[in-house]
Amino acid sequence: MRLNAERLSHQELNRAIRESDENDVRIINCCGQRYLGAGLSNKQVEVTGTPGNALGAYLDGASITVYGDAQDAMGDTMNGGTIVVHGMAGDAAGYAMRGGEIYIHKNAGYRCGVHMKAYKDRQPVLVIGGEAGSFLGEYQAGGIIVVLGLGTKEKAPVNNFCGMGMYGGRIFLRGERVPQDLSSHLSVHTASQEELKEIAPALERFGTFFKEDMDSIMEGPFQVIEPNVENPYRQRYAAY
Amino acid sequence: MRVNWDYAPFQVLRDPARCVNCRLCEKECSNQVHRFDDKIKGMVADDTKCVNCHRCVAICPTRALKIALTDHTFRPNSNWTADSICEIYRQAESGGVLLSSMGAPTKLPVYWDKLLVNASQVTNPSIDPLREPMELRTFLGKRPSMIERDPDGEILDNRQPGLMVETPILFAAMSYGAISYNAHAALAKAAQRLGTFYNTGEGGLHEDFYVYGENTIVQVASGRFGVQPEYLNAGKAVEIKVGQGAKPGIGGHLPGSKIVADVAKTRMIPEGMDALSPAPHHDIYSIEDLRQLVDSIKEATQYRKPVIVKVAAVHNIAAIASGIARSGADIIAIDGYRGGTGAAPTRIRDNVGIPIELALAAVDQRLRDEKIRGEVSLIAGGSIRNSADVVKAVALGADAVYVGTAALIALGCHLCRACHSGKCNWGIATQRPELVARLDPEEGAERLYNLITAWNHEIKEMMGGMGINSIEALRGNRAMLRGVGLNQKELDILGIRHAGE
Chain F
1 MRLNAERLSH QELNRAIRES DENDVRIINC CGQRYLGAGL SNKQVEVTGT
51 PGNALGAYLD GASITVYGDA QDAMGDTMNG GTIVVHGMAG DAAGYAMRGG
101 EIYIHKNAGY RCGVHMKAYK DRQPVLVIGG EAGSFLGEYQ AGGIIVVLGL
151 GTKEKAPVNN FCGMGMYGGR IFLRGERVPQ DLSSHLSVHT ASQEELKEIA
201 PALERFGTFF KEDMDSIMEG PFQVIEPNVE NPYRQRYAAY
Chain B
1 MRVNWDYAPF QVLRDPARCV NCRLCEKECS NQVHRFDDKI KGMVADDTKC
51 VNCHRCVAIC PTRALKIALT DHTFRPNSNW TADSICEIYR QAESGGVLLS
101 SMGAPTKLPV YWDKLLVNAS QVTNPSIDPL REPMELRTFL GKRPSMIERD
151 PDGEILDNRQ PGLMVETPIL FAAMSYGAIS YNAHAALAKA AQRLGTFYNT
201 GEGGLHEDFY VYGENTIVQV ASGRFGVQPE YLNAGKAVEI KVGQGAKPGI
251 GGHLPGSKIV ADVAKTRMIP EGMDALSPAP HHDIYSIEDL RQLVDSIKEA
301 TQYRKPVIVK VAAVHNIAAI ASGIARSGAD IIAIDGYRGG TGAAPTRIRD
351 NVGIPIELAL AAVDQRLRDE KIRGEVSLIA GGSIRNSADV VKAVALGADA
401 VYVGTAALIA LGCHLCRACH SGKCNWGIAT QRPELVARLD PEEGAERLYN
451 LITAWNHEIK EMMGGMGINS IEALRGNRAM LRGVGLNQKE LDILGIRHAG
501 E
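Taken in sequence, the protein lines are chains F and B. Everything in the first sequence is counted per the working numbering, starting at 1 for the first residue and increasing by one. Everything in the second sequence is counted per the working numbering, starting at 1 for the first residue and increasing by one.
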């Protein structure tokens, strides 16, 4: 099904997506409509133009591809499914996501992957092709964030305060450099062969989606950031 | 150094003439206060471990036990109290943030106790609720600002989804994890029987309780635990928790030790891992952002559920509520200074936020002044202790109230304020199976049903006395209240007159 988003509100667009009998829905001329595909479980949605904030919030299995840039809070509290952005994404992509995969070809804004968590077979993956803004993976509790920094060599592909308050999961940064301001609760090491194997399927998909040469990307090296203590908040209380 | 040693605050007093050494107290006490001493062939108690929860007192078959406040004392000092000295010892020893539970026990004024309710005499008749119908049914949500008609003149139903409760009393948010499975089961069953709601708190919804969906409010907090489309659609309303009266401005931290298998499954996080709720929602830095979360929830639930935004009562609560009312939220829940908690930093609990009475009056007035009172309903919480508090809250402008602590007391809580230890002897604030089993969900539900039913009777009685037969007519009816011992500023904020005026 093809939907011209011009002059349609987000309610109208979402209703049309939900009520469509067809599995494939193509939205054209998208112009800032928010919450597209919120909670959607079973369709393939393609968007050209610019979707608004909270694209694919609570996404529950559907796949969304954006030919353009995405804005803030994409994949908020996402539970499953895939979001592919052939461009940039704004702030807080993948906030509290618990499952599914997000692929962003270019840069992403602040606070991506905040409070991302994993549960059993739900292991969320967020791959950012360019650079990420500050507070990447803040409070991260599970899952994997990969930042490739394509086109960046001189510095780590993240801004300040990467992994602040992180207490689970891992952040992979491609390149030699590590952020200079890492918290003492975090440790960094160069990814092992085992770890590279773990992220390989996601990187291959990234390569396929965006037609990037994966061999050179896979060469890495990758720096892995993870919390260095279990439950780091435990010691902070004096109960009585 | 034995500087840290401070005397146990409570003494376990055992009447040797009554004690039969049955050792039941020993079995029942999760704090391991009691033990049988072989040498003296009798029971002894370690007072230092006692939290004064009264479990042993209640269970003792010969009534041989009682708990007393120790008369051991520091040199009396009204500035450096025993508490303030002992807290320093604890922090000097551990370097930790002081942690405590339940609502603030401080001596700040409780305004409910300074408000008096009116009654009819001679000039307008009071109503006998035993003889005449009294309406407690309450609708929560947006009220349409105008009547709309179709071209044929028929009235269109332009109501937004809302909540209908048979009493203006709802059970406050308490998460599975903070309280036990059986406590949740009791609340859910009671809510169903009473025609009201219980609230999942931020810990997700246990699969067994989806059947109570018609009487459930599901909560979305900054940690987003257990939040998925199925969860959002499981209840009758979705509550966004921004703040909590016991700890405004800070997040939550459920220690890994309480994330046992079943709790982990419900929250959808790994077992044994700390559950952290960040202080803010990192996607909400403005009213516009709040609107975005409200709208995204409405999208995900296809506009079938009202959205509640819960905030703590803080200094600028009136302006904040005005913003929330414009964010698309249907209901605002305000949690006052004395609101309960399963664990909060003591300094925050006792020093941050403002009393619900003042906050509620200020918010109701502000929304009226701005002509947006109909855009939202108000639920007030933060220590509603009895039916008179409910009546006063409604008269100050609340559509309904949340009760948390009162409900737990009905389930057996003795307010020992040691919830954070996870060793609740009454099976409420614990995840230990042997302790949880002490709370019978059926009996608990019945006790909750009894409590709220009794309050309903009392509310009707008070309303009847005022000549009011519908709770709707009491809402914001501040002429029904008078203050005693309040200064002019307090009376102005509460929007009431002094007794005698």
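Take the hints with a grain of salt, since some may be wrong.
16 Å max Cα-Cα, derived EDC-like pairs, lysine to aspartate or glutamate [to be verified]:
hint	chain 1	residue 1	chain 2	residue 2
1	B	Lys265	F	Glu219
2	B	Lys66	B	Asp83
3	B	Lys265	B	Glu214
4	F	Lys155	F	Asp181
5	B	Lys66	B	Glu87
6	F	Lys120	B	Asp46
7	F	Lys120	B	Glu271
8	F	Lys153	F	Glu194
9	F	Lys153	F	Asp121
Computed footprint of chain B on chain F, listed as stretches where at least three residues anywhere in the stretch have a Cβ under 8 Å from a Cβ of chain B [stated by the list, open to error]:
hint	region
10	29-40
11	143-157
If you're looking for bench data, these hints aren't it; they were derived computationally from the structure. Beta carbons are placed, not taken as given, at the ideal position from N, Cα and C, and that holds for glycine.
> What are the numbers of the hints the structure violates, in ascending order?
Replying inline: The structure conflicts with hints 1, 2, 3, 5, 6, 8, 9, 11, although it agrees with all the remaining ones.
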